[in-house]
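Protein chains: 2
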Amino acid sequence: MEYPQESFVATTFAPGSFWARRRDIVRTQTLRHQLQMLRITGRYDAFKLQWHPSYSDPPTMWPVPNHQFWDSDIGKWIEGACYLLMDHFDEDIDAAIKELVQMIQGAQHPDGYLNIHYSVVEPGKRFTNLRDMHELYNAGHLIEGALAHRLYYKNDDMLSPILKYVDLLVATFGDQDAQTPGYPGHPEIELALLRLYKVTGNEKHLKLAQFFIEERGNPTGGTERRHYYDVESEARGENKHTLPVHFPAARSYWYQQAHVPIAEQETIEGHSVRAMYLLTAVADLVRISQPDSKVGATFLPVVNRLWSNMVEKRSYVTGGIGAIKQWEGFGIDYFLPQGTDEGGCYAETCAAIGVMMLAERQLQIDLDSHYADVMELCLYNAMLTGVSLDGKAFAYVNQLASSDKDLSQRHEWFECACCPPNVTRTLGYLGGYVWSYSTNEQKAVVNVHLYTAATLRLHLSESMIEITQKTDWPWNGNVDFTIRTEGPLVDLQLRLRIPGWAESWQVTPSPDQLDIHKGYLYLSAEWLQQNSQFQLSCPMQSRVVKPHPLTMQPVAYVMRGPIVYCVEDADHPWEERHFKMTVFDPKVPLREETRSQPDQYIAIIAENGAKGELDTSHWDRQIVSEGNNAHVGESRDLCFVPYYLRANRGGRGQMRVGLRVE
Amino acid sequence: MEYPQESFVATTFAPGSFWARRRDIVRTQTLRHQLQMLRITGRYDAFKLQWHPSYSDPPTMWPVPNHQFWDSDIGKWIEGACYLLMDHFDEDIDAAIKELVQMIQGAQHPDGYLNIHYSVVEPGKRFTNLRDMHELYNAGHLIEGALAHRLYYKNDDMLSPILKYVDLLVATFGDQDAQTPGYPGHPEIELALLRLYKVTGNEKHLKLAQFFIEERGNPTGGTERRHYYDVESEARGENKHTLPVHFPAARSYWYQQAHVPIAEQETIEGHSVRAMYLLTAVADLVRISQPDSKVGATFLPVVNRLWSNMVEKRSYVTGGIGAIKQWEGFGIDYFLPQGTDEGGCYAETCAAIGVMMLAERQLQIDLDSHYADVMELCLYNAMLTGVSLDGKAFAYVNQLASSDKDLSQRHEWFECACCPPNVTRTLGYLGGYVWSYSTNEQKAVVNVHLYTAATLRLHLSESMIEITQKTDWPWNGNVDFTIRTEGPLVDLQLRLRIPGWAESWQVTPSPDQLDIHKGYLYLSAEWLQQNSQFQLSCPMQSRVVKPHPLTMQPVAYVMRGPIVYCVEDADHPWEERHFKMTVFDPKVPLREETRSQPDQYIAIIAENGAKGELDTSHWDRQIVSEGNNAHVGESRDLCFVPYYLRANRGGRGQMRVGLRVE
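Chains as they are written, first to last, in full-length UniProt numbering: chain A, 1 to 662; chain C, 1 to 662.
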């Protein structure tokens, strides 16, 4: 099972467990809330191709109309809904999906074209602005929606029109004469086409994805031997001395991941979601082509070096990426301020989801716990913080520190609403991230990436095998495994990720020899047959960590297991300066406190952990001073709570992850 | 004497002294080198109004033609040359000035208009793009050139045509019907008009300056009740959805200091040179109008709060301002990285000159040594580093740390050549910064802002008084004053600035009572009559200082007196990483070493001052780590040299001011 969006069906989360509770809320609250938002904003009916008053609104990011992404909002909601319907049937959701699919069918042009904006607002202008408009991005999300639809409904009601649209795209784009040598400004369709290829086996779907990937950023593309976006821009009559008001610079094609061909990129640049979606497709292309093929040998080093650049030099402690708001993406190496008033911090929810997608692809190529560590980090922190406990409010931006300008808060919806349905679909197929597996007759290999109370049920040629994790993860590091087989013996190999953050760990009963490769403990069929029940224990304790010295952040973070902590004014009601001046003493003992409201979690109390506030009086009227950064004021207790829990318990939106240490 | 550009004539620098040597080089080398550059680039002959091939060059910063500033380059060179001719006549320079003035006369339109670009390249388009084009900026520099010309030549050969041009501007701009309610994108003419007003006494010159200052940024200006740049842009047919490629954002009028009226600005924003030139004019308007007038009461608090914001939150240790390259200006509060690879550092030479201009105006309003401290800091560091020891190479940008992308180096000229002639004219009238004074019959008040070997000679109604400083400043803090009077007794009050950096100081012989106001020691006529010779002593010793904690810069700087130090690879030939990884132990003793090559200066040696290099190995493949920032490698000596001396002694352009401390 190559894709988590398919493999997740074999997983059942234990009722009432950490992720089961979150998924229940998404299923019962978020899906309906988002359906409601689709309806009231006009998205729901948009595939009827009637004029909507908002189509006259001036674009917030000219030339991109505000309704530009509506097709994808529908596609992602259908995708998420189909995953969640697998848990429990829901009549209203089912009816909405069916109606949406009917509207999509009805919106298709005779030649297969399918897009709201270019059907209603600018007919005749299709494919004239691949750089800025999101036609192909939308197509990608419709493909992913259709694949999920097919998985649940087991019919082609949605896939059929989408395949017809893809036929048009296959005919339109490519390097043959009369084809357009272009590629989408926002990658997405590449990864969707690769997933589609698995289902259709149609080589043209693979080839189109590969063309989009390889042609992107080509400075001598097409018959004109020029950069496609230059050619296209000229054809639109754009003045080369001016640029759209939201562009960061002239020919800033790094924003679109198209400044140079991906094979030549040395550092991860530009829009972080675009980067992740593109790299996910590139990694998947490597996997499909095999790492030692010509394609694999070209692109695997690219994926690896861009990943390393990202993780080592351009990632936040939460797994979040993207410091720069202007282009929603990466800054220079080690430029990782915590919030707006310190220089920026974007860490878009979708980007964290993208990191998880990429890490998952990397694990398929190279089973190295490093990738799973980052995937787990994003899951519990940069991604999970993007949705409220009640499932009805979302964060687009996930800063590490609030400021008066940008409080720590969530919103019920966004004009550009990519993040909310992205969270929905991610939690929908979450089981696909927990483990990956392959089966062959009576053989099975299961790689356990994440620990959580869940069961994996695999059907082999003659047997059924069930692997159950019982655990209170992420609060407790003990995981009880039970393996149960129905039918003849199965040759099962189990590979358990040893978390990078675990200072110690053990398996009980302990195997005679620990067979560890790249951070995974390989448990043999033989040992498993003798030990159908065993425990992995990764003791969790609060720890204080620091960012890379070149980030110039004189701060420390509190973590426990995979969870990154923050402080909020809800627990420190006197706080007025977003904890910017708070001096943390990382040497005080950290006491853990289990809480049950508003959800179960462990708070961490640092008694007298705040040594006071930074004393900056030496610098009054001065540029520099001999004064040392002494602190003033009383010591106070600090209460750390999980970062994902922020903005759920009242307060005035004051929050900080990294506290200053001296 | 209100303006240093006039008052400097009373000062003579002691031959062979620190500033005398620099001014001799500027006079004998820089002036000629710059004249040569004016000739070979086409600037020299440009007022002949012939086509120059470079006029066809595509603009580097569209829509601003590269030759846009040529008028000002001529104006500033004439200005600087006239100041320096006062020291020694120079036949070639004199001839060039005369020829230039003839060409300027010949270039004037019958109605007074005077501008190279709009006469040759775009006739008929004058005053259609005040926002981007530098017509009025150029006019300002021509006014300043004409004032200097008149001061030296004592004729109106240059001032006459300029006054005719100003008449046209007075008629063109203003709030009357049929007048244009616009103002220049780059302030300069405001401060020039105020200086002109002093000479002409023509109220219209004052009023036009005041109009430009008050109208700037008015959101409801003119008969259209809109922002003038919006009106103007629309008239040019600009698309509101696009912007010139070098603009940082839509309607980024803070770049032009026009986002809101200056009276409403709370923080110092945008282009740092434009900010300083504007505030210099505003401060001067306050002085002219008197601080307690309506105008003074409106604008003095503005000047004070923007100055405070700049000095306390947006200035580098060198006095340099402007972290952001894109708009050559200010970043957010406390965002002060040292170099390109850390997020930026611009600190343009002209901006430092602008800070000096503003500080000098502030001192006229409020004699507070704080302003003189900053003025001295800029003079010896952010400004002086902009010119090489041989006077033939210049720095536009003055970063605190080099990087592979931006080495520490100077250039012989720039396409936009504002900085080189700005240094020339500043050193030309440097005497005007040393002291300010007022005389009235037989009374004189002299405020000594800077210490240097120089003599001030003042002619009173019946007497001549001569005040001489004998000192090795900035290397030695002892200053011997001698006061000599010819003629009847003069009622002289002397006010000596006590430098903010001086940890101790004394005057010998010591007055019975020390009368100190805002950092100035007031010496009475009575005491001075009894002590015509005395010494001020401000012992100089190496000291280690730090930036404000909120700058997040974990570094320390070495200073001595007013001099900021740096390390260069010339003294540490093994250095390859721009001292970025060097860990400095600020507790080691600092040894001073007097050197005479390539110029006299004091180097500071920190024996075993480098504790090794930052050990970042704990962060390999990690986002965060529990590892502490330990250092690895051997201790090594560090040799600090004055920052202004950088890039004068060979090496590979590796340099850093702030070294990391643990």
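Note that these hints are calculated values from the structure, not bench results. Because the structure is a prediction, the values reported are computed rather than measured. Some clues are possibly wrong.
No copy labels: a pair is met if it fits in one copy or bridges any two.
No farther apart than 27 Å at their CA atoms in a straight line, the calculated lysine-lysine pairs in the DSS-like style are these [claimed, not checked]:
1. Lys-125 x Lys-240
2. Lys-405 x Lys-325
3. Lys-207 x Lys-294
4. Lys-518 x Lys-470
5. Lys-48 x Lys-154
6. Lys-207 x Lys-325
7. Lys-164 x Lys-240
8. Lys-325 x Lys-240
9. Lys-207 x Lys-164
10. Lys-204 x Lys-48
11. Lys-405 x Lys-98
12. Lys-204 x Lys-587
13. Lys-518 x Lys-405
14. Lys-443 x Lys-518
15. Lys-204 x Lys-443
16. Lys-154 x Lys-405
17. Lys-294 x Lys-48
Now for the hints, and whether the structure bears them out:
Proximity of Lys-125 to Lys-240 under the C-alpha cut-off of 27 Å is found in both arrangements, the shortest distances being 21 Å within a copy and 22 Å between copies. In this assembly of identical chains, the alpha carbons of Lys-405 and Lys-325 lie at most 27 Å apart whether taken from the same copy (13 Å) or from different copies (24 Å). Taking the shortest alpha-carbon separations for Lys-207 and Lys-294, only the intra-copy value of 15 Å comes in at or below 27 Å, while the best inter-copy value is 74 Å. In the homo-oligomer, the alpha carbons of Lys-518 and Lys-470 lie at most 27 Å apart inside one protomer (25 Å), although the nearest pairing across protomers, at 73 Å, exceeds that limit.
For the identical chains of this complex, Lys-48 and Lys-154 are intra-copy neighbours only, at 25 Å inside a copy versus 82 Å across copies, given an alpha-carbon limit of 27 Å. Taking the shortest Cα distances, Lys-207 and Lys-325 never come within 27 Å of each other, neither inside one copy (34 Å) nor across copies (43 Å). Neither within a single protomer nor between protomers do Lys-164 and Lys-240 lie at most 27 Å apart by alpha-carbon distance, with minima of 37 Å and 39 Å respectively. With identical chains, the CA atoms of Lys-325 and Lys-240 are at most 27 Å apart both within one copy (25 Å) and between copies (22 Å).
In this assembly of identical chains, the alpha carbons of Lys-207 and Lys-164 lie at most 27 Å apart only when taken from the same copy (16 Å versus 72 Å across copies). When the C-alpha separation of Lys-204 and Lys-48 is checked against a cutoff of 27 Å, the pair qualifies neither within a copy, at 30 Å, nor between copies, at 66 Å. For the homomeric pair Lys-405 and Lys-98, neither the shortest alpha-carbon distance inside one copy (43 Å) nor that between copies (57 Å) is at most 27 Å. For a Cα distance limit of 27 Å, the shortest separation of Lys-204 from Lys-587 qualifies neither inside one copy, at 60 Å, nor across copies, at 68 Å.
When the C-alpha separation of Lys-518 and Lys-405 is checked against a cutoff of 27 Å, the pair qualifies neither within a copy, at 44 Å, nor between copies, at 37 Å. With identical chains, the CA atoms of Lys-443 and Lys-518 are at most 27 Å apart within one copy only, with a shortest distance of 22 Å there and 86 Å across copies. Taking the shortest alpha-carbon separations for Lys-204 and Lys-443, neither the intra-copy value of 32 Å nor the inter-copy value of 95 Å comes in at or below 27 Å. Proximity of Lys-154 to Lys-405 under the C-alpha cut-off of 27 Å is found in neither arrangement, the shortest distances being 49 Å within a copy and 57 Å between copies.
For a Cα distance limit of 27 Å, the shortest separation of Lys-294 from Lys-48 qualifies neither inside one copy, at 45 Å, nor across copies, at 64 Å.
Of the numbered hints stated above, those contradicted by the structure are hints 6, 7, 10, 11, 12, 13, 15, 16, 17, listed in ascending order.
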